[in-house]
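Take a look at the letters that make up each chain.
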Amino acid sequence: MKGSEVRRGYRRVDAVLKVTGRARYGSDFDGGTSPAHACLVTSRIARGRISRFEETPVRALPGVLEILSFKNLGGRIKPGQTFPTGGYMGSSVAPLDSTTIWYAGQIIAVVIANTFEEARAAARQLKVEYIEEPPTASFAVGHEGVDFEGQTEKGPAVGDAIGAHTAAPVKIDARYATPTQHHNSMELFTTTCAWKDGKLTVWESSQNVYGYQYGLADQLGIPPADVRIVSPYLGGAFGGRSFLSQTTAVIALGAKMIGRPVRLEASRADGFTIATYRAETRHRVRLAASREGRLQALIHEGWEVSSRRDTYKVAGVDVSTRLYACPNVASSVTVCAADRATPGFMRAPAEVPYLFALESAMDELAVALDMDPIELRRINDTQVEPIEGRPYTSRALMQCFDVGAERFGWNRRNPTPGSMREQDWRIGFGCASSLYPTFMAPAAARITLWADGAAQVQTAAHEMGQGVRTVVAITAAEGLGIPLDQVRVEVGDSSLPPGPVAGGSNSTASVCNAVAKGCQDIRERIIAAAVAAAEGPLKGMIAREIRFIAGYLVCAAGREPLRTAIARLGRGALESYAENSPHGTPAGGVAGMYKGQPAFTGGTFLKDRIQCAFGAQFVEVRVHERTGEIRVPRLVGAFAAGRIVSPLTARSQLMGGQIWGMSAALHEATQMDAHHARYVNTDLAGYLVPVAADIGQIESIFVPEEDSLVNDLGIKGVGELGNVGLNAAIANAVFHATGLRIRELPIRIEHLLERLS
Amino acid sequence: MRAFAYIRADSTDSALRGMGSPTQPDRLNPQVQYLAGGTLLLDLMKLEVLSPHQVIDINGLESEYGRIELTEGGLHLGALVRMSQAADDARVRRDYPVIAQSLAQAASAQIRNMASLGGNLLQRTRCTYFRDTSWQGCNKRQPGSGCAALNGPNRQHAVLGVSDQCISTYPGDFAQSLVALGATVETVGPTGRRSVDLEALYRDAQQPELETNLLPGELITGIRVPAGPWTRNSAYLKIRDRVSYEFALASAAVALDLSEGRVREARIALGGVSYRPWRAREAESVLKGQPLTQANATAAARAAFATARPRAQNAFKVELGQRTLVRALLQVAGQTS
Ligand SMILES: Cc1cc2nc3c(=O)[nH]c(=O)nc-3n(C[C@H](O)[C@H](O)[C@H](O)COP(=O)(O)OP(=O)(O)OC[C@H]3O[C@@H](n4cnc5c(N)ncnc54)[C@H](O)[C@@H]3O)c2cc1C
Ligand code: SF4
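Chains as they are written, first to last, in the numbering used here: chain A, 24 to 780; chain B, -18 to 318.
With the rest of the complex left out, here is chain A (with noise of 0.2 Å):
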């Protein structure tokens, strides 16, 4: 259906709604009824227990109808698993189970009143006292020979890698370190919930309603048939909304204890304790050439932070190690133990920290060797990735560099830093790779398609603002060949058919999958229909040669009013239920899915291939000479990432992936006091995120790629994309600028100082 007029319509299906205000996102529900209002309480130690706790005054207090703690939920919540081993939690701490405290910011009671002022002034009122240890904020420092303690585990090695390191011409040996950030979704952590006839349901924004099912029907200890979560638009979640907080089980039971629909919008400094986040990194990279440039050895080790309970860990070495030929390749990664929350997926969560250290390595070798960046990567560019050999699907990375660097200008670049200036501004350009994997789940929808010609999709998706429901319209238009503004889509209901969480940049290519194979399944029903029929202008005609265009059937001969052929079958609808299961789908992947656990599959999971989307980040920035302030004028991405469903949607993920790579590099850090392991820029005000003053000219140029094995429709995904690598490239081009090589982000004015003029 390639060319079909639909695609030329660039725009948001829902964009009327999102302007209106009439879209409304989970935060937007009052459970039905007035509900009432919760606020959290939650400890300010980080570790150790609570050893007195007043709540007889606070009951007394005008509005306050019910106090959630350990003294009457203690026990009544199960303790979820994470998703790492097989759960739904974002943390494996019960919430008001007892009177340990597992880290600062940890949910210790919830005061429901009538109003939320009056829950808040309560809240504030409640006198908790502590027992207090002193807790680990961060990395522990370790001993002889060993970094930081923690668990080492291996990862991705090939032949000889420290052999050849000592042996080769040019290396590089290098440390850097990537720090704490929160996603500060600009929608807060809202839930709602109300009770009726014994069944729950759920108004919170999720990016994966089914997970959440399925996980709250398990901590509860209720079927899960006895609980609806809905969330059909999110204001943003980027992982943070991928398991369940600590906070919805609990309000849950509270709306029972009193018998009414009760609502906890948290507040901005809740939202960086009570969910996810990603966590600190540390990395060590020894690359080592030949005098030509060709890589000899990669070593990349990572030590990541994790919860004293859980171990999380992204360990990006699965993608650092796979990036560049290299015949010698070793990798490990130590995850170590904090008295703090524990960490999760954060927008391209191994990605983004691993590469700012392998691809600011790779600069670094650039330099050491007196080569053009862009040239060192050419020369390590492979189609098959190094430790198994495996082929990627396809991989158009070079393409990017040099549409990148065409439309970039990296010709004027004069390689030699600090040599590049205006006035008193000193200019620098960088460059970097990026990479992201074509990951795949099993997803299911429901397509409808109405006497009249207009149609329906269901399915479990979720919209996060990436553009979900355009994908699945344009998709579903297509295959129906009707207007775009005929297809009704609903996602973000654990009602619907299920859908895979919103991770790993996969909804595209997972949910699209599926919608294209129900469109099929309908097309093929009223086509053998009409070439069967008695009469009508397809009558005898091949099946494979009728199209579907425009609310028409139609082939060489003659073509027949779309509603005219849905007619001949004699039905008021046509429905397909269609399930699709990627090309590597474990066993037990379907069944997994209607369950809220969809078998990923793809990116470097497969055993007989390999699949990737890869981009160039291409950046100038600006350092004052005086001052240090670093100005970032221009970004241009290039990325190949398989067919483009929607390119209005795509672009604006890209440009979004390159600010907050932008921002990853110069702006955010959650900062802390490690006295007590707590966070204390727990607002927009000091956890900086770039401000439209900050951003300059954006491009984000689509390389054209066609990949027939990733999925039918070749789709790749570009919801992570757009942010990786561009931290390493802003480091690289502020080299550039200043000769100063700042290996730990973010970037700030202090690192550069010193060395300036």
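Treat the hints with care, since some could be wrong.
To be verified - Covered by chain A, according to a simulated footprint, are these stretches of chain B (three or more residues, beta-carbon under 8 Å):
# : stretch
1 : -18 to -4
2 : 132 to 144
3 : 300 to 313
To be clear, the hints were calculated from the coordinates, so they are not data collected in a lab.
Where a beta carbon is used, it is the ideal one built from N, C-alpha and C, also for glycine.
Using the hints, position chain B with the ligands against chain A.
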């Protein structure tokens, strides 16, 4: 936020009457407070750093205290002039650019439209330990409880005018430009009207819980900025982690009276690096009578920071503050952009 009574004043008298005459005023957390733009007061009330029983909305006095007047003797700004109103005023921009620039670079457009100049002068520090009442060591919030910032994250904290009791930064911008130009504030209180040198309004860090010398219940009505040959030749330079909507890491308000390349008079104040709006008189005297060269600017900056007391994470502010001042001086002298 605690429940509170709200009254709207329609005259100076009714505002003062609303204040009553607090006999034993709680200067830490006054039980009656004026409300202007509310961008600070409501924020700190939600955080329960402040918890007045009564709030007196003074926005009804705008016709009286909401004007900008320019005379030969100087500039008069009413306390209820909005930040954006003064920042956009063509006369202020022409004759007092340092003032317009300090306001235009502060906060966000939304906040500048709400916030008043009087309220702006009374900003409270952004120190986390002060703003979040669950922290236990903050002398400014709880006298005698210690200062967690001394050994905590103190990148944002001050290096000038600090004490072992408190190292917090005065976060504003506007006050720096006023202090440089020698402005006075006009007030009215239970005991009548008075006029106070703005610089002297801000107390030092020895008793951090007491920030200003305003008398209990006193209402700021206006700000008077004396004219001078340097006001037109002035600028505010603000260095920060992002381009906009962010407090200063270091800032400099500079006004110069130059004659044939020599400095007849220099007026300098520093922000982002100091406990209170900081007039850098040592730097001014280094420059007086000298040609404005890079070397002299550097010497002046060094003098300004001679008494700096850096901590673990803010040591860079000593260097950054000096560079900021040098750049601002050269910029006003037309020697750099
Ligand atoms: C996120 C954020 C970023 C900001 N960034 C900056 C920045 O970069 N630079 C900067 O300078 N500022 C910044 N601000 C601060 C902002 O400028 C102040 O909040 C604002 O100027 C206060 O003015 P207001 O009229 O809203 O004061 P209000 O909140 O109404 O009052 C503040 C205090 O002053 C008292 N008060 C008000 N008017 C009078 C009066 N006439 N007489 C006596 N007492 C009075 C009140 O009782 C109260 O205690 C920022 C604020 C926020 C929230
Ligand atoms: S610096 Fe001042 S405001 Fe901050 S903790 Fe110390 S005493 Fe409190």
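Checked hints:
no., hint, in the structure
1, -18 to -4, "holds (count 3)"
2, 132 to 144, "holds (count 4)"
3, 300 to 313, "holds (count 6)"
Every hint from the earlier list agrees with this structure, and none is contradicted.
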